[in-house]
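A.B. asks: Below are the chains, spelled out letter by letter.
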Amino acid sequence: MTAAGRGHDEDVWVDDEAGPVVRPYAMTRGRTRPVRGTFDLISMVVATRNPPAADAGPGLEHLPPEQQAIVRRCREPLSVAEISAHLNLPLGTVRVMLGDLLDAGLIRIHDPGPADQPHSRLYEALIDGLRQL
Amino acid sequence: MVYANSDGTDPADPVPTAVKILVAGGFGVGKTTLVTSVSESAPLRTEEVLSSESVGVDDLSGVEAKETTTVAMDFGRITISDSLVLYLFGTPGQDRFRFMWDELALGALGAVVLADTRRLADSWPSIDYFESDGTPFIVAVNCFEGARRYELDEVQLALDLDPEVPVVLCDARQRQSGKDVLIALVQHAHRVRGGGLN
Chain D
1382 MTAAGRGHDE
1392 DVWVDDEAGP
1402 VVRPYAMTRG
1412 RTRPVRGTFD
1422 LISMVVATRN
1432 PPAADAGPGL
1442 EHLPPEQQAI
1452 VRRCREPLSV
1462 AEISAHLNLP
1472 LGTVRVMLGD
1482 LLDAGLIRIH
1492 DPGPADQPHS
1502 RLYEALIDGL
1512 RQL
Chain L
214 MVYANSDGTD
224 PADPVPTAVK
234 ILVAGGFGVG
244 KTTLVTSVSE
254 SAPLRTEEVL
264 SSESVGVDDL
274 SGVEAKETTT
284 VAMDFGRITI
294 SDSLVLYLFG
304 TPGQDRFRFM
314 WDELALGALG
324 AVVLADTRRL
334 ADSWPSIDYF
344 ESDGTPFIVA
354 VNCFEGARRY
364 ELDEVQLALD
374 LDPEVPVVLC
384 DARQRQSGKD
394 VLIALVQHAH
404 RVRGGGLN
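Those sequence lines, one after another, are chains D and L. Numbering (my numbering) for the first sequence: 1382 to 1514. Numbering (my numbering) for the second sequence: 214 to 411.
Hints may contain errors.
[Unchecked claim] With a straight-line Cα cutoff of 25 Å, these simulated SDA-like cross-link-like pairs (lysine to any residue) come out:
1) L:Lys392 - D:Gly1418
2) L:Lys392 - D:Leu1444
3) L:Lys392 - D:Arg1410
4) L:Lys392 - L:Arg404
5) L:Lys392 - D:Arg1412
6) L:Lys392 - D:Pro1446
7) L:Lys392 - D:Thr1419
8) L:Lys392 - D:Glu1505
9) L:Lys392 - L:Thr283
10) L:Lys392 - D:Ile1508
[Claimed, not checked] Interface residues of chain D toward chain L, partial, derived using beta-carbon atoms under 7 Å:
11) Thr1429
12) His1443
13) Pro1445
14) Pro1458
15) Ala1485
Please keep in mind that the hints were generated in silico from the structure rather than gathered at the bench. All residues carry an ideal CB built from backbone N, CA and C; glycine is no exception.
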């Protein structure tokens, strides 16, 4: 364990799909920063291919179970925050794993647009959508 | 990044545009209640594990012995359409996590500051924050049972708000009321940003 993982004494429970319960920084081999990408809370993540539902599909077996779980969940676009919540993993851990997956070409990222640019269509779509809920 | 849409939504892209609204206010004012009442599922929770270096060194009361600490954020999702998703984030209330707000506020469309008229001062820190960082916000007075129904202009005065900042009444438990609050915020943000008043 590297210095980055030292002192992390809170167990984080993960569901069956995410694999064995291990400390978050063990999953990232002690890294606290992703190799690529910044990953806003609402950056949308989508898998670049569709593995069969029964397993992680060819080409994913070499991945750690948590990364396989991310790829499986992201067959439908999910935000970084949702991935963290669904896998019950801290954001920092998820970001490191997303960096690896991005680097491997297994996911693509759709970053949010700048909110300070006025786009009337966006505001109108939001208001109409909220009214129709 | 190259995948970001330039104009909000793009029906040809299977990945929806994501928009974020913050729900702030004092402890126990109903932030998670509001997120829950308008979101499409039970509130989700995400956590950030922070090392001691990233937490302000001046105010670590109670966490001195820990090398890491965890900040939890409750949030919800509203799927507006195939191409547009709205996320509502409750802000972590603890003062020592205020720096987390910088990440939350970055790129946010706007913020709802929930206020309780029995503890109006609890909403000052949130109002101060959004005033100084320029995030469009409205104040939503959560009408707790038994609380005196203040006139909205009284609240506006008591909070020393810019007259442009809308103040609305709401019941955070009611879905329709929560929707009305969000619509009021989006309209205000559109005015502020589209009208060049920022």
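A.B. asks: Decide, hint by hint, whether the structure agrees.
C.D. replies: Hints, one by one, checked against the model:
1. L:Lys392 - D:Gly1418: violated, 34 Å
2. L:Lys392 - D:Leu1444: Violated, because 42 Å separates the two Cα atoms, which is more than 25 Å.
3. L:Lys392 - D:Arg1410: violated, 43 Å
4. L:Lys392 - L:Arg404: The given pair, whose Cα atoms are some 18 Å apart, holds under the 25 Å limit.
5. L:Lys392 - D:Arg1412: Not satisfied, since the Cα-Cα distance of roughly 41 Å exceeds 25 Å.
6. L:Lys392 - D:Pro1446: violated, 39 Å
7. L:Lys392 - D:Thr1419: violated, 31 Å
8. L:Lys392 - D:Glu1505: Given pair Lys392 (chain L), Glu1505 (chain D) holds - Cα atoms ~15 Å apart, limit 25 Å.
9. L:Lys392 - L:Thr283: Measuring from Cα to Cα gives roughly 31 Å; hence the hint is violated.
10. L:Lys392 - D:Ile1508: Given pair Lys392 (chain L), Ile1508 (chain D) holds - Cα atoms ~9 Å apart, limit 25 Å.
11. Thr1429: violated, 11 Å
12. His1443: violated, 26 Å
13. Pro1445: Violated. Min distance 18 Å.
14. Pro1458: holds, 5 Å
15. Ala1485: Violated: closest Cβ of chain L sits about 17 Å from Ala1485 (chain D), beyond 7 Å.
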